[in-house]
Structure formats: C-alpha cells, structure tokens
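Undergrad: These protein sequence lines map, in sequence, to chains G and Y.
Residue numbers 1 to 125, in my numbering, belong to the letters of the first sequence in order.
Residue numbers 1 to 708, in my numbering, belong to the letters of the second sequence in order.
Note that these hints are calculated values from the structure, not bench results.
Small disclaimer: the values here were computed from a predicted structure and weren't measured.
The reader is advised that the hints may include incorrect statements.
Listed below are the simulated EDC-like cross-link pairs for lysine to aspartate or glutamate, each with C-alpha atoms no more than 20 Å apart in a straight line [as the list claims (entries may be wrong)]:
#	chain 1	residue 1	chain 2	residue 2
1	G	Lys119	G	Glu95
2	G	Lys78	G	Asp114
3	G	Lys75	G	Asp114
4	G	Lys75	G	Asp42
5	Y	Lys212	Y	Glu201
6	Y	Lys516	G	Asp114
7	Y	Lys516	G	Asp115
8	G	Lys119	Y	Glu550
9	Y	Lys138	Y	Glu177
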Amino acid sequence: MLKRSDSQKAILVIDDDPDILDFLHDLLELEGYQVAVTPKGDYLEKMEQGDLPDLILLDVFLSGRDGREIVKHLKGQKETQHIPVIMFSAHPHAEATARAAGANDFLAKPFSMDDLLTKVHAFLL
Amino acid sequence: MTIPPNRKSTPQQGDVPAHTHIVQFSEDDTFLMTTVGKFLSDGLRVGEVCIVVATPAHRASLEQRLTVEGLDLTAAQTDGFFMVLDARETLARLLVQEQLEPARFFEVIGHLIERAGQGQRPVRIFGEMVALLWAEGKRTSALRLEELWNELGQRQAFSLFCTYPIQDMADQALEAEFTQLCQQHSHILPSESYTHLSEQERLRAFTLLQQKALALEVEIACRHAVQERLLMLAAIVESTDDAVLSKNLAGTITSWNRAAEHIYGYTAQEIIGQPVTLLFPPDRAGEFEQIMARIRQGERVEHHETRRMRKDGTILTVSVTISPVKNEAGEIIGASTIARDVTNQRLVEAKSQQLFASNLVGIFVADVEGTLLETNQALLDLLGYTRADELIGPLQPDTPLASLLRDLIFQASQSSGTVEPQETVLQQKHGKDVPVLVAMTCIEHTSTCIGFVLNISERKALEQRKDAFIGMASHELKTPLTSLKGFLGVLRRLLASQENEKILHALTRMDAQIDKLTTLINDLLDISRMQTGQLVYREERVEVDDLVQEMVESMQETTQTHHLQVEGQTQAAVFGDQDRLGQVLMNLLNNAIKYSPQADTVLIHLASDETQVHLRVQDFGVGIAPEHHDKVFERFYQVIDPEERTYPGLGIGLAISHDIVMRHGGRLWVESQKGEGSTFHLRFPLLPQKNRPGAEIQKEGTMGSKPC
Chain G
1 MLKRSDSQKA
11 ILVIDDDPDI
21 LDFLHDLLEL
31 EGYQVAVTPK
41 GDYLEKMEQG
51 DLPDLILLDV
61 FLSGRDGREI
71 VKHLKGQKET
81 QHIPVIMFSA
91 HPHAEATARA
101 AGANDFLAKP
111 FSMDDLLTKV
121 HAFLL
Chain Y
1 MTIPPNRKST
11 PQQGDVPAHT
21 HIVQFSEDDT
31 FLMTTVGKFL
41 SDGLRVGEVC
51 IVVATPAHRA
61 SLEQRLTVEG
71 LDLTAAQTDG
81 FFMVLDARET
91 LARLLVQEQL
101 EPARFFEVIG
111 HLIERAGQGQ
121 RPVRIFGEMV
131 ALLWAEGKRT
141 SALRLEELWN
151 ELGQRQAFSL
161 FCTYPIQDMA
171 DQALEAEFTQ
181 LCQQHSHILP
191 SESYTHLSEQ
201 ERLRAFTLLQ
211 QKALALEVEI
221 ACRHAVQERL
231 LMLAAIVEST
241 DDAVLSKNLA
251 GTITSWNRAA
261 EHIYGYTAQE
271 IIGQPVTLLF
281 PPDRAGEFEQ
291 IMARIRQGER
301 VEHHETRRMR
311 KDGTILTVSV
321 TISPVKNEAG
331 EIIGASTIAR
341 DVTNQRLVEA
351 KSQQLFASNL
361 VGIFVADVEG
371 TLLETNQALL
381 DLLGYTRADE
391 LIGPLQPDTP
401 LASLLRDLIF
411 QASQSSGTVE
421 PQETVLQQKH
431 GKDVPVLVAM
441 TCIEHTSTCI
451 GFVLNISERK
461 ALEQRKDAFI
471 GMASHELKTP
481 LTSLKGFLGV
491 LRRLLASQEN
501 EKILHALTRM
511 DAQIDKLTTL
521 INDLLDISRM
531 QTGQLVYREE
541 RVEVDDLVQE
551 MVESMQETTQ
561 THHLQVEGQT
571 QAAVFGDQDR
581 LGQVLMNLLN
591 NAIKYSPQAD
601 TVLIHLASDE
611 TQVHLRVQDF
621 GVGIAPEHHD
631 KVFERFYQVI
641 DPEERTYPGL
651 GIGLAISHDI
661 VMRHGGRLWV
671 ESQKGEGSTF
681 HLRFPLLPQK
691 NRPGAEIQKE
701 GTMGSKPC
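Isolated chain Y, as found in the complex (with noise of 0.2 Å):
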C-alpha cells in the first residue's frame, strides 16, 4: 500500500490554519470525538463558526465535551458561532434520485457556510456525510462528495474536518480508493496510536510499518498462492470422475467428493461419520480389517479390484487404490480411497470377450508382424485345428495361413487400416482347401489387427449347385423347344406345296413364338450367370458398321410395323464378343419397337471420333419418365403405370444389356421423357484400346468377375 504525499506540508494539531480540508483516519470512537472536539473548541475559543454535520450519537458526545470544557455552547448557537445539523437529514437534502446533486449541495451547504461566516467569519466545520457514504458502501459518492467540498472550498474560505475509521480501508482492494480520498484532502491525521509518539518514535514507527506492510505484501501473496492451490486441488477432487474418499483409522468417513456421491448414491451429508462397510457387501466384509491392517503398516493397496454396494443394494465392480493419510508428525491418521467404477468396463470386456469366443466368424488377433496372438474356436474349427496354440505364436512364413496374413497387413498399411471383405481360399490343418470371405481391421494405438474369417464353402456350393441348375434346366427347356422348331420346319415344307398362305403365315408365327420362347430362356440363364460373373466373353475385333447393318437386317426381317432406318457411319472398330454386342443391339432394337407401337420408324444413328463409337437407338413411342432412367437398367425392372397398357417381358433384358455394354468398358444410358420417345446411347472405346477402363476380356474366360 503506498500513501501518497500530502499535497500540502503537514499541519500540525490543533494549529489548524483556515481553508483546509483535513481527513482523521481512527481506529475508535473516543479517541475520534477528542480530536474533534478539540478541533471544534480551539475554533470557538478564538471566535470563529463550528458547524457540526454528525450523527445524532456524535452531536451529543461533542455537545457534552465542549460544555465539559466550559464553552457555552447555548450561547453560542444563539449568537450564531455554533450550528448543529444531522449528517443524514442533511445528506438527504443534497440528493435527488438517491443520486448526489451539484447543484443541491452548492445551494444547501454554500448557503450555510456564507449565512455563517457572514462575509467576515472564519467557519470550521466537522462533517459527517462522507463517512456516511462510505460506511454504507457508496464509495463513489463519498469521492465525488469530497469533490464537491473541494470545489466549494475554491469558491469560499472554511477548514473541514471529515473522519473514516480506519478499519473500512483494510481491504486491499480498496487501495485505488483510497489514495483517492488522500489526495481529495489537504490534510491527513494519521490514526492514534501514531499520534501520541515522539518525532523520533513516529520515525522508528514508520520504518516498522514499512517494513510490515512489505513483509504483509508478501505474506499476502503467498496465501494467495496456497489458496489458489488449495481451490485447484479442491476443483480437481471434485471434479474427477473417480470417488475421493477420506477415513479415519476406525473407519469413519470423514471426506467424500462429488463422483462418490454420484458412484456410491449417498451424498455427502449422508455418509460423513459413517463406517466405511457401508460400501461393503456382506461377502466382502472381511476384506476391510485386511486393507487396514496394511494401512497401519504404511503400506499403499493399489489397484485392488473389488466389488462395492451403492445406497439402493446395487453391487458395482470397483478398482480402488488406499494410501495411508499421515498428520504433520509423522503418524498415520486415516487412509485416503480412489476409486473407479469399473462396472461398465468389465461389462464390455466380458461382452466382447464372449463376442470373440462364441462367435460363428473366425476371429484372429495378430501383431503387425503376423504373429497370431489369438484366434477364437470357430477360426480353429474352420482350420481344422484343436488348440489355439498350435496356430499361435510366429507363424511358418511358407504357411498359406502365413502369407494370407502378410497379404493382409499389407493390404491394410495401403489403405487407412482396413481391408475390405474379399474371397480367398484357406488351406485346413489336414490340406483342405476351404474357400473363405475375409476381412481385417487394425487397430493403431495397440499395433494389432483383428482379422474375421468366414468359411463360405456352403455359399459356393450352393452357387455352383445354382449355376448347375439353371444350366440344365435351360437345356432341358430348349431340348423340347428344338424338337417343336423342327417338327414345324417338317411341317411347313410338307405343306409348302399346298400353297395355303394362311398355315403358312400360322407356321411361321408359331416359329418366331419359339424364337422369343428361345431368347428369353438364354436371357434367364444369362443373368444368373452375370450374377455370378461367369458370363463368358470372347475376345476379337468387331466391325461396329458390320455389325449394327447385319442386326439391322435380321431385325427387320421380322418387323413389318417399323422401318428401321441407319443414319450414318462410326469406320470403326471395338474390341469384344461379337455375339454379345450384337445382344445388345437386338435388345435396344426390340425395346425401340415394343415400346412404340404408335410409330412407324426407328432410327438407328452411329457416329465416332478419335477415342469412342457412339450409337443410338431412337424411338417415337411411350417415353420413360426420368425417375425411371436410371432403375431400367436394373434387374427385374419394369416401368408400371396404371394408365398405360402393359408390356410383356422379365425386366432382365437392358439389366444384360447394360452389364455385356460395361464389362466392354462401355456406357449405356438413356435420354426420355414420357410421351416423348427414348433414345438410348452407347459409347464404345474404340481399337486399338489395351488398357480399357472397368473391362478386362480374358481369352474364353470370365471378364471383371464381380462375385454376388
């Protein structure tokens, strides 16, 4: 605390020269009301005013020491030299909206002081106002009303006398304050128990406080210091979400933190004073001597894994740690308790550590270097083993188990730690293959993978015996389909010579009705093949102008309600099957007549430039709506609309279409609106193409084997 110079040299006591603005710091009441008195009598003693602006209880005290003094005070009202107001009736009459008025003080007290001294009059006056104020917390306007004497004081002569106990300013915080109202006043009289000394003691007393005010600064500090850490330590307890708990060596809580309220169910108040085996459950309640026991011994119980009961009878699993508590002697007082709720963590433990056990996938745990450090009973069983530990440990690198796992680490390292589920097959203890779906995911933090292994041999068994089906059962279909297209082929030539037109046109209904018969047999035992990605491809070049021109023909041979019309020509050369391109184009054109039964005309456009075949295929017939463009490429798909007539067909034919047109590395998309026709695209990469996108054609194999 630092007290700033006086403005003015110090006065000394009792000499109290005119125009002054004194402040008297007290530490008590007496010895308050001599210095005023005495400032009051010395006044009256050599003629001139006193207004007294004090408390009722102050008026009377003063009244009585001047009277004691032999002043008549009665006198001196009357002849104007002694006035006595109330400081708060007073301080009343200055206020407007609780608020101090300038204008109001100017007015109230400037007249006082002028009706006093009456132009000639020395005035002394002792106000009580300002202590008022302070004392009621109204520090700013205490200020600002010692402003407002100061200002009266440049405009008219008076001394003032105004007091705070010095206790009101022992808060640091006030200091700002303080050194405000010293510097509002010409004169300071320090409080009493320095007034009384000799100059050389008031020396050696001002050295003293010095020296304690900086020892008081430090002391300060260092208790703001241990306070703040006291709070942190203190907000950290009860923040934590671990219960902190305290007890005595009887075992007498005596401290709970919050997260023990919320773990244990009792609250503070509740459990403080009570035995600690109020967490214990019965069959746990010997373990308490047995902790205690090491307590007394100094010893710390770390991490013990127990079970606990909250309030409502609920067993919880806890982790507790116990550290003695020991007094500033040395001596062992009670014991401290951290403990976690572990309930939910076993929980999930346990959970996952069935899930791994009993679970149907084989499961495996590996290090990033491909030591298995665990595989679970259904990995075992898949792989022909007993016991884990046979399979456990670094793995023999020629293993096909060995090198699946390299592979897979490897897989995961380029692709963020995952490796997407994905056929392969497994060589069992015994050197059965088993064909398997595997997936791996690593984990960062713990360098481990968790790899899933699921024995898929029943899938593939059953995809086979599918496929197997669906083979035969197209060629049992057609079998009887051949022998009903031949037997009519005998029939149109012996009835060839009759020349009756109508069983001939009969004859060769009945022939294109197997015909469609035929190919929607051949689409059925395509999409089951597409499905399993054994729809073969042949590898050549194939003419796109050739092509379009002799589907083109064989179309319209058939077609006598539609003119299809080519416009235009590509020059150019694709790389495929021949066969299925030419699928393709019959189903585009077949769907371009089906589906416009209204038009006469269907024109087929081709085009191409430096890098791709463009082909469309344009109808003036129903139209799709463009909700529909992207699903009727989907299997099974047909667009239904109740208003519309129907069309006949199994929804397969553009799904085909549109797989044949991508395993080419092509596109198939189309543009429509409803009523207003379609028109179906077809981009081709053109020859020479080695490395074509999304098509890779393998000599007489299957092409981008997609497993479904």
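Chain G on its own, in the form it takes in the complex (with noise of 0.2 Å):
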C-alpha cells in the first residue's frame, strides 16, 4: 500500500528478482519518490482506486506473467491508461514489443542509473 505526502510522487516497480527490487526500492528513495515494489504481477489489480501510482515501471519477463499482457490492461482501462510505464528487460529485443504493447518508454537491463532517472523524472515532473 502506498503512503506518501501530497508533493511525493509514487512509483511502483514490478520485477521478478528481489535484488533489483532492492536496489531500485533504495534509488529512488534516495531521489525523493514514495516507493512501493513486489515481484507480482497482479499486485496492481487488486489496488484500490485512490492507491494507484503515478508511474510504473515493469519487468517485461516475470515469472508466470508477461509485463507486456499487464501494460496492455493498464493502458486498456480507463482508470489507468493515464499512468506512464516504463519498461525494462535483459532482452534488448523486448523492445519493440513492450512498446506495440503500450510501454511508454524501454530500457534494456543493465541500465544507467542516469538514464533510469533522467526517464523517471521526464515523466513525473
């Protein structure tokens, strides 16, 4: 469940691997965003209305769900079509269609810190 201030914004990070999680839970933290993160796929669909992220970001393989059926939900629904994912995979090749999928943005593992943020904050600001 995300707790944040009015002026934070809130990001949810959706990967199968705790390590990533971790790191990424701690960097954007440390850049100033409420942070929420879990290696399930449907974690979103159960979220209350009022609880929803400001952005996404999304593993492309996760186990037992592909991030790219989730983006095409998200953008599907009316309530969450608004909300900016950013998608990362170790296939360089996910690219393409983690954006036919609806992705607004892509970056193939492993990424730059700058560049994850740089993407971050283009989107939240």
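Join the two chains into one complex using the hints; note that each chain is given alone, in its own frame.
TA: Given below as structure tokens:
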C-alpha cells in the first residue's frame, strides 16, 4: 500500500528479481520518491483506485506473467491508462514488442542509473 | 606393268651391231648360256674381241660351250681375242668404300677395252657385275653401273651384253626400277618362251600377255582389298575389349584373341586345342551342352549373363553372345563366342543399388516431367509412407512433394542440371511438416533426376534449443549485472555527500567494468544470432554525421588517454539500424584506442560522394600485418604475436561489425602495416537506395538470413 505526502510522487516497481527490487527501492527513495515494489504481476489489479501510482516500472518477463499483458491491460482501462509505464528487460530486442504493447518507454538491462532517473523525472515533472 | 618402247630398232638375235647395250631377261641358266655363247662365238668367228666378266660357274660353262663349237680358246686368248675376268673381283676393283667409283670404272674398264680393241678391233663384252649387284639387292648401284657403261659407250665402241633373271623382276614394287633398267639398254631380249615363237605367234602371245597383265592387275587390286579387310577385321578382333573366341562342335577352342587372354588369363598358345569347358566353373558345367544344343540347331545365344572361371580360379561375371559358324557348304562346324567381362559393372551396380537402398539420406529418382520413378526406404520413412508404390508414378499436381519436385526441376533447368542443397519443408503423409535439406542433379543422357532429401528437424530443433539457451543465458547473466550496477548507483549516491574522491573514482571504475561485461554478453548473443541469421535489424533513416558525433562523444566521455578527432562531414543519410551502425562505430573506436596504447589521438574522417558515404577510423598504434587483414574479420580471430603484449577480447567485435556492414550493403576493410597504425574503412550506399546489393532489410525481421 502506498503512503505518501501530497508532494511526493509514487512509483510502483514490478520485477521478479528481489535484488533489483531492492536497489530500485533504495535508489528511487534517495531521489525522493514514494516507492512500492512487488514481484507479483497481479499486485496492481488488487489496488484501490486511490492508491494508484504516478509511474510504473515494469519488467517484461515476469515469472508466470508477461509484463506486456499487464501494460496492455493497464492501457486498456480508463482508470489506469494515464499512468506512464517504463518497461525494462535483459532482452534488448524486447523493446519493440514492449512499446507495441503500450509501454511509454523502455530500458535495456543492465541500465545506467542516470538514464533511468532521467526518464523517470521526465514523466513525473 | 608397262614396257617402254626401245629407243632403237629391235635387233635380230645373232646379228648384233657394234656400240650396242643389250639386256637379256632369262628364265633359266641354260638358256642364258646358250644366248651368251652364241653372242660370243658370233664375235669370235668374225674376228671381234670378246671379254667375259662373269662368275666362275658361268665362265666355265661358256668356255665349255665355245670349245664344243670348235673354237680354239687358248689361241684366241694368246692372240688377245678372248679375255676372261671374274665378275666379283672386277667389281671389287670398282668400289671405294662399298660405293661405285666412276673414276675407277673408267680407268679399269676403259683401259681394258682400249687394250682389247687396240684401236681397230670391235669389242664384245658379256658382263655380270650388274646382275651381281641386282641379286644382292643393290639395285641403285646396279642402275648406276649401267649408266657408267653407257657413258663409256659414248667414248668407246663396244657391244655390251648383260643379263638379269626375269624372276628377280617379278615384284610389283620393282616396276619403276625395271622400267629404268630397260631404258638403260639399247636392246632388250625377252625371255626364252617368247623368243622361240614365230612372228604371228609372238603377236598372239603379246596380246595374250597384255590381257594377262590387265587381268593380273585387277586380281592384285582385289586381293589387296580383301587382304586389307582381313587385316582390319583381325585388328578389330585383336583390339576389342571383348573376348572373341571360336570353338568347334566338340567344344575345342580354335581361336582366342588378346582380350580373351586378358579376361580369362590363358594365352592363345595355352588354350587353343583345349576344351572350352575349362572356362566353366563347376556349378555351370551343364551349361555347355545346353548352349551347344542350341548352336547345333543354328540358334544364337544372345547376351547370356553367366559365370566363368579365370585361369587363376577367379570367378567372373560375363555376358556372352554365341553364334553358329558355318562352312561354305552351310553346315554348322562350330561356334563363335563374344564375351564381355561385366564383373566390375555388376559390382558397381550392386554397390550403387545398396547405396540407394540403405542410405540414411532419402533419395528419389524422377523423370524430367516430375514423375517419381524410384524412392528409397529413407525417403519413405521421412515422408511417413510404408510402401514405395504409394509414391511412385505421376504425382497429384497439388501435393507438396509434386510442387517441390516441379520447382526443383525448374531450378535445375536454369542452372546446368544441378540444384544446390537448400532448406525447405515437406509435408508427411499424415500432414506433419518436416524441415528438410534437398538437393537434386539431373542426368542428361537418361533424362532423369536424382534427388537427395535430408531430414534436418533434429538440427533445426538443436538450433532452436541453442538459441533459446543463449537467450536465456544472456538474460540470466544480465540480471545480476543489473543489480550490481543498481547497487553501485545507490552506493554512489549515499557516498556522494562525503566527497571522498577515491571512493567515487573506484565506483566509477567498477561501473565501467560492468558496462564492458555487458558489451561482451551482448556480443556473444549477437554472434550466436548472427550465425543463425537471427540478428534483428530495424530499417530507418540514419543521419551519419549525427550518429558519428553521438558515438564519438559517448566514447570520449569514458576515454582520458585519447583525443577522438572528427574531420570532415558526410551531410548524408543511410538506410539501416541506427543502434547496429552505432555498435560498429563503437567497436572501431574501441579497437583504435585499445590497440594504440602509446598514441593519444584517433582520427575519424568523414566523406561522401553521390552514391556512398565513406568513414575512416585511423589510429597510430601497433598496426596489423597484411597477412591478417582478411582474417581479423573472422569470428574468434585474434592476431597473436609472441613478441607483443596480448590484448584481451573475444575476437568477435570485428566479425559482428563486418556482418552488420555487409547486411547494410556496405563494405568494411582495413589498411595497415605492422607498427604503423591501422585505418578501418567503412563504405555505405546512400539514401535513397531501394535495391541495395547484398541487403534486404525486412521490417523488424531478419536481414538476408543465411543459415549456417
């Protein structure tokens, strides 16, 4: 559950690798964001309307779930379609399909922190 | 044979005028002696000088005849009217080194005649030296001696009588010399059977002779033709590779050619007279009677394939044709056999049949209309059929195999009868698709095509597994790298406030190492995909100057040792994958820095013309010896020089770059000398280019896929 002050932007990170969730959590918090992380793809669907994040970082290949299906679903829902989604993958060739599924941006793993933050800032201005 | 007319009127025998040169052709010695005896006695009786140059036998015979005629030879010799010389001894005096010497002749013979005639007395000479020469086969010398006699006759008056046995003139080849010989003489005396006839009889005999001569000429021509034919037939029989032999009805071999010697191992000498059953292996012994029964009926046995035994016991497979041989009366007297050794041929056939039947590769034989004639078990298995007759025959035009066959035959007709191996998919009987490799070759003189079909589904599956593995491996490797890089980022931010430069520097170095590791993993993934033709290329407009600028700036950021200097500009765009082209540039820049540790500059030169852009990346480093220039673009190739320091790397960067450039229809090459730096050249065709050679860029697909 995201708890945030009014000025803080909330970011949800979905990746099935706990280490990646860990560092992204720390990094984004250091940058002043409210961060929630989860390895579960269906986390979002259980969220209350008012708890929706301002930005989602989403892995393409999740265990048991294809991130592209999630982004397709999000972009198909009136309530969530405005939320920017940045996808990332260790398969550099996944970019095209990720964008086709509705991702607003893409990062190839491993990505540089500066690149990530630049993109995040750009969406949350 | 033509007898030239005499140059002077025919003399009456026994009435020979002086200065004449008479030749007598004689059939036997007695007749000759009679004629010569008369020639001499006539002379002696009228007080002429007679010289005899003859063989001892002829001298004795003549002396006896003249004595019988009542001539006193002793007195004649004493008075110088009768002189006798040995023909061989005299001849020897005329020769110098086996050759007739004209000067000697004139000296010896001229002097002899001079002495004998004493200026006034007519001289008659019977000479046998020419006959000796002729008999010894020295016909040119004989003719030459005749000439010398004639020359002497121009200077001195004498009558010369010479003689040749007519039998020595019988050879047709001597016609020209005989004619020449006759022309040397003023008088020709024909042989005795002609001489004894009356005038009327002579005319008849002459006409008869002419007729006989003509008939003989025709006969000779006929015989020559027959002989030539026989020689030719004999030559054919001798030179053929088939054994040709004959046998009588009892089976005794009567002739045996060279091929028979070769095939069966017996010489003609050994086998002629032996029973032909010698050649029959024990299990074929009964065959002889069966064959001969048919021969006795006048029947031919044609192309009968059987076994025969060589002298050394080897069993041969032969194809024999046996025909009855008849005599002039039409009775069958034996048989001729022509046998061909087909042992090797049958062996080859059996081998190729085996090769066909038990091959692991599917093989079919089809005619040029696309009708399947034969298939082997491997092909049936591959296509899921159990019996060949389900496939053999005209194919249904809409089946996948039929359309494949049609396509292959068409391709073969376009390329001198051979279709290079190509991958395709064939549908099995029950509808399942099988990836296959097919090749076909057409045999022109039989109007058939032989096709080879290899099931490559396992290879395909393996390729897919390999690809999946590499994909997975790279994913698995990159995931911890991502975390590592991420935690480094966090650490850097946490420590940034402490302003500890050393710590921050170490973190930056670690981050750079992670980037290098990432590049290596990406390269491995690329090279694997490149091999299977699965590298994905985007197609987009790429501004060359911008791309170069971006890559150079990015590289300069992490490079403290070298200044990357860009010269010129292209003001042009190419068509391709921006990231891939960037990858090529990064690879070239990386190499330029890596291999010029002592230098501080890398030059990047840009230029373009109407059709292409030209990029050069020049370093001032260790250089590459010319023998490595092509190889550096091969996978896993690294220049190894024992005297030099080694440079780390996988040896795949340039291979990937080369592949990317080729797929973009460009060229990548190097100019370098060892120790003098290297310049890598890149050329790309300019936009707009719809049909660029060597590159077909598909949207988000694989470019110019080339399986390997």
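Undergrad: Please go over all the hints and tell whether each is borne out by the structure.
TA: For each hint, the structure was consulted:
no.	hint	verdict
1	G:Lys119 / G:Glu95	holds (15 Å)
2	G:Lys78 / G:Asp114	violated (32 Å)
3	G:Lys75 / G:Asp114	violated (27 Å)
4	G:Lys75 / G:Asp42	holds (15 Å)
5	Y:Lys212 / Y:Glu201	holds (16 Å)
6	Y:Lys516 / G:Asp114	holds (17 Å)
7	Y:Lys516 / G:Asp115	holds (17 Å)
8	G:Lys119 / Y:Glu550	holds (19 Å)
9	Y:Lys138 / Y:Glu177	holds (12 Å)
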